[in-house]
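**Q** Sequence:
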Amino acid sequence: MIRYIRNIILTIIILFTAFVFCSWLYFAFHPVIKERAGIRFLLKPGMSAEKVIKEFSAAGIIAHPLWVSSWVYLRGDTKILKSGEYFFPYNVGFLSVWTQMVKGTGRVYHPFTIIPGWTFMQLREAMEETQGLVHNTRNLSNAQLMQSLGYPILSPEGEFFSETYFYTYGETELSLYKQAFFMMQEKLAAAWNKRDANLPFQTQQQVLIAASLVEKEAYVNEERSVIAGVLVNRLNKRMLLQFDPTVIYGLGTSYNGKLYKADLLKDTPYNTYIHKGLPPTPIAMPSMGSILAVLHPQRHDYLYFVAKGDGSHQFSKTLQEHNKAVKTAEAQHTQFFNAEKMQDYVEKVMSQS
Numbered sequence: 001m002i003r004y005i006r007n008i009i010l011t012i013i014i015l016f017t018a019f020v021f022c023s024w025l026y027f028a029f030h031p032v033i034k035e036r037a038g039i040r041f042l043l044k045p046g047m048s049a050e051k052v053i054k055e056f057s058a059a060g061i062i063a064h065p066l067w068v069s070s071w072v073y074l075r076g077d078t079k080i081l082k083s084g085e086y087f088f089p090y091n092v093g094f095l096s097v098w099t100q101m102v103k104g105t106g107r108v109y110h111p112f113t114i115i116p117g118w119t120f121m122q123l124r125e126a127m128e129e130t131q132g133l134v135h136n137t138r139n140l141s142n143a144q145l146m147q148s149l150g151y152p153i154l155s156p157e158g159e160f161f162s163e164t165y166f167y168t169y170g171e172t173e174l175s176l177y178k179q180a181f182f183m184m185q186e187k188l189a190a191a192w193n194k195r196d197a198n199l200p201f202q203t204q205q206q207v208l209i210a211a212s213l214v215e216k217e218a219y220v221n222e223e224r225s226v227i228a229g230v231l232v233n234r235l236n237k238r239m240l241l242q243f244d245p246t247v248i249y250g251l252g253t254s255y256n257g258k259l260y261k262a263d264l265l266k267d268t269p270y271n272t273y274i275h276k277g278l279p280p281t282p283i284a285m286p287s288m289g290s291i292l293a294v295l296h297p298q299r300h301d302y303l304y305f306v307a308k309g310d311g312s313h314q315f316s317k318t319l320q321e322h323n324k325a326v327k328t329a330e331a332q333h334t335q336f337f338n339a340e341k342m343q344d345y346v347e348k349v350m351s352q353s
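The sequence shown begins at 1 in the working numbering and counts up by one.
Hints listed in this document are in silico derivations from the structure and should not be mistaken for laboratory results. Glycine included, each C-beta is placed from N, C-alpha and C at the ideal position. Wrong hints could be hidden among the right ones.
Pair by pair, the computed Cβ-Cβ distance ranges are [unchecked claim]:
#1 T172 with L240: 36 to 46 Å
#2 G252 with S57: 51 to 61 Å
#3 T172 with D301: 48 to 58 Å
#4 D310 with E55: 15 to 25 Å
#5 K82 with L140: 22 to 32 Å
Let the sequences and hints guide you as you build the complete structure.
**A** Have a look at this one:
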């Protein structure tokens with residue numbers, strides 16, 4: 001009799017265990033994502049497993065939240081979910097869904113690109129307009145932001161590497177700033193160690209400043225090293241650099257898109273028509289191409305260059321050659337401007353006929 005009862009109990013235990021196991025298999029691997037396009041889910045920072053389960057239940061992803069809660073607590077996954085924006089494809093099972101949130105896989109990443117030539121002000125504006133980021137630097141001054149990076153004395157201008165970075169929902173602005181800042185530190189140091197000999201730069205910071213000038217002057221990639229060569233030649237001869245973008249940067253918000261002769265006489269620390277040597281800080285975020293151009297400038301005798309109107313420049317060795325090139329460039333610009341006016345006039349007449 002005792003053996004009979006024992007067998008019944010054992011059978012019940014086996015059947016119950018089998019039921020639980022089969023239920024777990026069904027629950028874990030049965031498809032829960034019914035949308036053919038898949039679904040996106042925002043797991044906000046600090047969101048509990050209980051809250052996630054409630055949202056899944058409300059969205060119709062799971063039918064038995066009590067079962068899910070029990071399963072989650074048995075696994076011990078209640079406090080280790082990684083925040084972010086997730087994408088769950090069609091027909092995936094709940095085990096896969098939950099595992100992704102535990103491990104942080106399957107998160108959706110968005111690009112954020114720092115454009116070469118941006119000023120730090122432009123970078124901050126772009127960062128603040130980026131959706132999905134936690135804007136935890138919005139109320140910080142530039143100095144406070146740099147202090148958060150561990151460099152309170154350093155100007156932020158030019159210190160962030162121009163590249164595309166990826167973030168997921170809930171990441172902070174500061175995390176992107178850190179990535180870009182330390183990427184610049186790493187790239188600049190590696191390039192500095194392979195620099196040409198006999199350059200007029202004593203520090204990596206001077207290279208960054210020079211590269212920012214090249215970045216703002218060069219529109220044709222092939223000319224970066226040529227322009228860098230002009231900059232190096234003028235530094236070696238202790239000539240005024242006379243780079244227009246430094247004047248524009250010094251004017252700040254008073255610059256209206258046009259540079260006048262009077263602007264060249266305004267005494268700002270950045271005016272290289274007045275002050276010899278490099279400006280005190282970079283004037284923009286230089287690209288890697290501009291950094292390499294400064295560290296490996298083209299060797300030539302050019303001391304001057306003028307924009308030709310098509311993005312390229314005419315380079316000259318003497319002031320006489322340069323003045324001639326300037327007149328030619330002005331004539332080409334006038335011709336181009338008159339052609340534009342004529343085209344506008346023709347279009348206006350045609351529209352009225």
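**Q** Would you pick out the hints that fail for this structure and give their numbers low to high?
**A** 4
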